[in-house]
Amino acid sequence: TGISPSGDWYIVTKDFMTATLKRAHNEKGYFMTDSSTWAAEKKNLPNLKILFRGDKFLINTYHALSQPAGATPGASTAAQFIDFVAAEKGQKIIRDYGKELYGEGLYNDAAYATQYDD
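Just so we're on the same page, this note's numbering is the position in the sequence shown counted from 1, plus 2.
Simulated from the structure, these hints should not be mistaken for laboratory data. Some hints could be false.
Only pairs whose alpha carbons sit at most 25 Å apart, straight line, appear in this in silico DSS-like list of lysine-lysine [said to hold, decoys possible]:
#, residue 1, residue 2
1, K30, K44
2, K30, K51
3, K16, K30
4, K101, K45
5, K24, K51
6, K94, K44
7, K24, K45
8, K51, K101
9, K58, K94
As the structure is a computational prediction, the values presented were derived from the model and not from experiment.
Build the full structure now, drawing on both the sequences and the hints.
This is the structure:
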C-alpha cells in the first residue's frame with residue numbers, strides 16, 4: 003500500500019483485540035477491530051465510537067472446508083456439517099448468536115457478505 007505508519011502517535015500493542023480496545027479507550031486512541039469484539043465490549047468502552055463500517059475491504063469471510071468424500075474417516079460428517087451451516091437453520095444460528103446477551107449478533111451470515119460482492 004505504500005503506507006508505513008510511524009511516529010509517537012502510532013502504537014503497536016501486540017495484544018488481543020479486547021485488551022487493545024481497552025487501551026484505545028483509555029488513551030483516547032483509534033483502533034480497527036472486528037465487529038464481534040466490538041459488540042461484546044462496547045458497553046464497557048463509552049469513549050469509543052464507530053467511525054467507519056460497511057465496506058468490502060472490511061469483510062472477514064470464513065469458509066467451511068472439508069476433504070473429498072472418502073479421503074478421511076470424518077469426511078462424510080464434515081460434509082453434513084457444512085450442509086447444515088450453509089442451510090437457513092445454520093445461517094440463522096450464526097446470524098443470531100449473541101443477540102440476547104449483546105443486543106446484536108456477533109457474526110454475519112453468508113447473505114451479508116454477498117452485498118459486497120463485485
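Starting from the hint list further up, note which numbers the structure goes against and sort them upward.
-> Violated hints: none at all, because every hint is consistent with the structure.
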